[in-house]
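Listed below, chain by chain, are the residues.
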Amino acid sequence: MTTRKRLVMTIYLLFLLVPIYWLLIMSFKSNQEILGGLTLWPENFTFDNYRVIFTDPSWYMGYLNSMSYVVLNMLISLAVALPAAYAFSRYRFLGDKHLFFWLLTNRMAPPAVFLLPFFQLYSSVGLFDTPLAVALAHCLFNVPLAVWILEGFMSGVPKEIDETAYIDGYSFPRFFLTLFIPMIRPGIGVTAFFCFMFSWVELLLARTLTSTEAKPIAAVMTRTVSASGIDWGVLAAAGALTLIPGILVIYFVRNHVAKGFALGRV
Amino acid sequence: MQRTHNNRAWWLVLPVVIVVAFSAIIPMMTVVNYSVQDIFDPSTRFFVGTEWYREILRDERLHDSLIRQFVYSFAVLAIEIPLGIAVALSMPRKGFMVSLCMILLALPLLIPWNVVGTIWQIIGREDIGLYGWALGQLGIDYNYASNPADAWVTVLVMDVWHWTSLVALLCYSGLRAIPDVYYQAARIDRASPWAVFRYIQLPKLKSVLLIGIMLRFMDSFMIYTEPFVLTGGGPGTTTTFLSQTLTQMAIGQFDLGRAAAFSLIYFLIILLVSWLFYTAMTHQDSDDA
Numbered sequence: 001m002t003t004r005k006r007l008v009m010t011i012y013l014l015f016l017l018v019p020i021y022w023l024l025i026m027s028f029k030s031n032q033e034i035l036g037g038l039t040l041w042p043e044n045f046t047f048d049n050y051r052v053i054f055t056d057p058s059w060y061m062g063y064l065n066s067m068s069y070v071v072l073n074m075l076i077s078l079a080v081a082l083p084a085a086y087a088f089s090r091y092r093f094l095g096d097k098h099l100f101f102w103l104l105t106n107r108m109a110p111p112a113v114f115l116l117p118f119f120q121l122y123s124s125v126g127l128f129d130t131p132l133a134v135a136l137a138h139c140l141f142n143v144p145l146a147v148w149i150l151e152g153f154m155s156g157v158p159k160e161i162d163e164t165a166y167i168d169g170y171s172f173p174r175f176f177l178t179l180f181i182p183m184i185r186p187g188i189g190v191t192a193f194f195c196f197m198f199s200w201v202e203l204l205l206a207r208t209l210t211s212t213e214a215k216p217i218a219a220v221m222t223r224t225v226s227a228s229g230i231d232w233g234v235l236a237a238a239g240a241l242t243l244i245p246g247i248l249v250i251y252f253v254r255n256h257v258a259k260g261f262a263l264g265r266v
Numbered sequence: 001m002q003r004t005h006n007n008r009a010w011w012l013v014l015p016v017v018i019v020v021a022f023s024a025i026i027p028m029m030t031v032v033n034y035s036v037q038d039i040f041d042p043s044t045r046f047f048v049g050t051e052w053y054r055e056i057l058r059d060e061r062l063h064d065s066l067i068r069q070f071v072y073s074f075a076v077l078a079i080e081i082p083l084g085i086a087v088a089l090s091m092p093r094k095g096f097m098v099s100l101c102m103i104l105l106a107l108p109l110l111i112p113w114n115v116v117g118t119i120w121q122i123i124g125r126e127d128i129g130l131y132g133w134a135l136g137q138l139g140i141d142y143n144y145a146s147n148p149a150d151a152w153v154t155v156l157v158m159d160v161w162h163w164t165s166l167v168a169l170l171c172y173s174g175l176r177a178i179p180d181v182y183y184q185a186a187r188i189d190r191a192s193p194w195a196v197f198r199y200i201q202l203p204k205l206k207s208v209l210l211i212g213i214m215l216r217f218m219d220s221f222m223i224y225t226e227p228f229v230l231t232g233g234g235p236g237t238t239t240t241f242l243s244q245t246l247t248q249m250a251i252g253q254f255d256l257g258r259a260a261a262f263s264l265i266y267f268l269i270i271l272l273v274s275w276l277f278y279t280a281m282t283h284q285d286s287d288d289a
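Same order as they appear, the protein sequences are chains A and B. UniProt numbering puts the first sequence at residues 1 to 266. UniProt numbering puts the second sequence at residues 1 to 289.
The set of hints was computed from the structure by calculation and includes no laboratory data. For clarity, every value in this text was computed on a predicted model and none was experimentally measured. Backbone N, C-alpha and C fix where the C-beta goes; we use that ideal spot for every residue, glycine too. No incorrect hints appear here.
Some but not every residue of chain B turned toward chain A, in silico, with C-beta under 8 Å:
(1) T4
(2) V87
(3) M102
All chains, please: the whole structure from these sequences, using the hints.
Here's what the structure looks like:
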């Protein structure tokens, strides 16, 4: 039984990692070697592709732009979702079920539907081509998700704790900030991770809402296609660099991420 | 949990409503507005009523793309759900290996979608990609850029690579929540591994599977970036799914009225399916309680 398990896992992880490995080694090859033939390990190990990215502002600014709207989105999502999730987990109020469903439908709206109106809306309020525009647009699918996950985690905290705190004379803000939030720290970590993840991987809206100033890395990557063909090496290096933030973030929440994937409901 | 009735809770929800409404309701109204007009340029527009809707519902190209989309989404579910369960069952039980497997599994989920397309664009090529090259060595004539069937399968395999981890991690967290007494009882009854799976693990996985199916259906129904980077929708229209047809119409041909009507119909389909899932899920929650 265990050997079969190990076999399934190994085969699946191989299937998973080989394409990533291929991207990584390609980023250390020169274009001649990439196009010249198949090699499992770079013959001439080179950092030239990375040098291109780290010395050209239009490349590395792409990473900084992406990071800035991702972090901004994470902060906005958490700030608005925390009180709302508390309300959904503790109280019944007029229209709560409909509101919850309405939020979820936004998680499910195809971004393609909103491309054009978003472009016009953010242009008309003067936010076009700023990280804030992308951060707000990503709230459309991240805030509902954040509310959903946090509500799951908060429902796991017994209500008696709230009541005891109020009897002890805590005001709501003080209770919420100093007692409640520390109790659901894992939930907040996981929510932050999910906001990060979905904002980091999204391209369609990020590309539509920016032109030059706030251009995300994903859009910069299309530059490698030129008249002389695709610059595979630089493309691979740029792709490899986009993996790093995700790996860093998931390391911090690895113990709670499974519960987060179940939206705090297990 | 017993929740008290308190309408002042609205104050806590208000920020969410404002943030989401800004990005949801104003654009939605714009789309509705477009969908009933014929727009030549910003100053020349005519009210045409429901004409775009009628045209959209008769449009052959959209029917094809809708059918392709449904076939694709169901293929995605049919592969990823069983595979995800299998991988979750194969997770190591404890120790350092658990964290390692989790991080490795989550890796594809953290890659920007266009990079996912790029990775598969490279590895599927018969000259510079390992998988494409290996298939060529096996004597299979494989080329995702010119052969429609190859392109379709490549997009599907890419999605399996990208998203099965999500299902696997969901199921893993569901499996971990099963109390050990269930397994002890099964041991006493000398239940076969299949019986343990069928009568203990699968029923307990129901709620996470529902979330998994819902998320996978929604996201595969809205897929855009990965096939766009990999195949550009081609060859022909084999891998042109709904989102891409819509973007072509709105941005490529600047056919605003028609694209807006299409958007709303697209949105309604998604809404209907979400409602079915949501009802099933809340029903499930009340069963558990």
